[in-house]
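K.L.:
Take a look at the letters that make up each chain.
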Amino acid sequence: MSTDATANDVRTYLIGGLNMAVQGHRLCQALDSLQGMETFAADGLATPDIVVEEATVPATPDERVLYTFDLNDGYGCCRMLTDVAGNTGYRFGSGSMLVHDRLGKGHVRLDWRGDLGELRYMLWLAYAHAALPHEAVPVHSSVVVWHDRAVLCLGESGTGKSTHTRLWLNNFEGAWLLNDDSPIVRIEQGRVWAYGSPWSGKTPCFRQQRVEVGALLRLKQAPENRIERAKTLIAFASLQPSCPPSMIHDERCADQLIDFVGRVIERVPVYRLDCLPDLDAARLSRDTIFSTL
Amino acid sequence: MRLDEKVKIRQVAGENIIMRPAGNVADLTTVMALNESALEIYNLLKGSDFELDDVVKALTDNYDVDEPTARRDAATWVEQMKKGGLIVD
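These protein sequence lines map, in sequence, to chains A and B. Take the first sequence: its letter number 259 is residue 259 in my numbering, and every next letter is one higher. Take the second sequence: its letter number 3 is residue 3 in my numbering, and every next letter is one higher.
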């Protein structure tokens with residue numbers, strides 16, 4: 001996938017403890033208008049861990065489709081691709097293209113066609129791929145912090161993650177929200193941390209902060225409140241689906257991602273909570289989690 | 001029957017885990033754990049066609065188990081493999 005870079009302009013951000021530099025006049029102008037990015041802006045950083053470069057990326061004949069999926073909010077279809085060199089790419093319905101260079105050590109090229117919502121998503125995808133080797137992964141969850149520990153509520157869209165964390169926020173003194181959609185989970189020196197991020201879904205919760213993870217809580221709607229500590233296999237199946245879904249379709253990413261999930265569940269307890277959207281459910285999860293912490 | 005060899009078995013948090021993303025479009029994944037003996041039988045039988053009797057033989061050859069128990073365990077193992085989508089006919 002050959003490129004030709006456009007004019008130079010740079011913005012640097014610190015996300016999940018990693019330095020990300022975004023290069024390219026159009027991209028930088030657009031990022032300046034994206035809500036939340038300014039919280040993560042950072043000056044005078046050392047060599048970036050991740051470089052996102054504006055580029056023109058034409059298609060090449062040796063591309064192979066790994067996975068096809070639909071984006072939310074009417075953005076249409078996205079194709080995940082790989083080429084002979086082993087690079088991972090994504091082609092969007094709009095014509096936008098993202099390529100993660102296999103040998104570039106955190107280098108991603110963005111051929112962006114102009115939609116801001118799409119740009120936010122592309123940046124998330126670029127970060128996800130480039131950050132994985134650093135054991136940092138965006139995990140789809142709502143994160144509440146209480147007594148210095150982050151509790152990540154996982155579950156499919158619409159299961160009630162935000163509802164559950166809101167119950168904590170409204171009823172347990174000292175509780176606060178770290179992120180409502182996609183915190184960065186990172187393993188550092190054997191400990192697991194949740195970082196705020198510029199991707200927080202519909203709730204603008206942008207925090208340049210990290211908190212050690214106390215527990216993962218996978219939610220499911222049920223007629224009664226019930227909590228159970230998950231053993232390895234269930235714990236794995238609780239966390240893996242909340243990691244960026246496309247990554248499991250690229251073999252190289254899959255290995256790293258599965259390794260990451262394994263290492264997280266070895267270090268952090270995972271619970272399955274069947275629940276109603278009520279205060280009892282929040283008390284049950286809180287009491288269970290914090291009785292062992 | 002035959003075992004799907006394209007499957008990758010990974011050591012994750014002390015378990016032998018098999019992940020099968022189901023197809024190209026749907027977002028469904030089967031996750032399965034094999035205990036040590038199930039994994040051993042898998043490794044012994046992969047690469048060739050086999051019948052239930054071959055599974056029984058693999059068990060009696062490698063474990064201290066009598067024939068009736070081996071028959072039951074073999075049937076369970078085959079069922080587990082089928083449930084996990086690991087048997088390709």
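Simulated from the structure, these hints should not be mistaken for laboratory data. Bear in mind the structure is a predicted one, so any value in this text is a computation, not a measurement. Glycine included, C-beta positions come from ideal geometry on N, C-alpha and C. Fair warning: there could be bad hints in the mix.
Unchecked claim - Label-pair restraints from in silico Cβ distances:
#1 B:49 <-> A:290: 34 to 44 Å
#2 A:156 <-> B:1: 29 to 39 Å
#3 A:148 <-> B:47: 21 to 31 Å
#4 B:87 <-> A:212: 22 to 32 Å
#5 B:43 <-> A:62: 54 to 64 Å
#6 A:65 <-> B:48: 52 to 62 Å
#7 A:64 <-> B:14: 46 to 56 Å
#8 B:48 <-> A:35: 55 to 65 Å
#9 B:75 <-> A:114: 21 to 31 Å
#10 A:228 <-> B:49: 52 to 62 Å
K.L.:
Does the Cβ distance between residue 65 of chain A and residue 48 of chain B fall inside 52 to 62 Å?
P.N.:
About 32 Å separates the Cβ atoms of residue 65 of chain A and residue 48 of chain B, which means 52 to 62 Å is violated.
K.L.:
Using the Cβ atoms, figure out if residue 43 of chain B sits within 54 to 64 Å of residue 62 of chain A.
P.N.:
violated, 35 Å
K.L.:
Starting from the hint 21 to 31 Å, judge whether the C-beta atoms of residue 75 of chain B and residue 114 of chain A obey it.
P.N.:
violated, 60 Å
K.L.:
Between residue 156 of chain A and residue 1 of chain B, does the C-beta distance stay in 29 to 39 Å?
P.N.:
holds, 34 Å
K.L.:
Just to be sure I understand the hint, the distance between the Cβ atoms of residue 87 of chain B and residue 212 of chain A should be within 22 to 32 Å; is that true here?
P.N.:
violated, 44 Å
K.L.:
May I ask you to test the hint 21 to 31 Å on the CB atoms belonging to residue 148 of chain A and residue 47 of chain B?
P.N.:
Cβ of residue 148 of chain A to Cβ of residue 47 of chain B: about 53 Å, so the range 21 to 31 Å is violated.
K.L.:
Between residue 48 of chain B and residue 35 of chain A, does the C-beta distance stay in 55 to 65 Å?
P.N.:
Holds - the Cβ-Cβ distance for residue 48 of chain B and residue 35 of chain A, about 59 Å, lies within 55 to 65 Å.
K.L.:
Looking only at beta-carbon atoms, does the pair residue 64 of chain A, residue 14 of chain B fall within the given range of 46 to 56 Å?
P.N.:
Given about 35 Å between the Cβ atoms, the range is violated.
K.L.:
State, for the Cβ atoms of residue 228 of chain A and residue 49 of chain B, whether the hinted interval 52 to 62 Å holds or is violated.
P.N.:
Roughly 41 Å apart at Cβ, these two residues miss the hinted range, so it is violated.
K.L.:
Within 34 to 44 Å: is that where the Cβ-Cβ distance between residue 49 of chain B and residue 290 of chain A falls?
P.N.:
Cβ of residue 49 of chain B to Cβ of residue 290 of chain A: about 54 Å, so the range 34 to 44 Å is violated.
The earlier numbered hints that this structure contradicts are 1, 3, 4, 5, 6, 7, 9 and 10.
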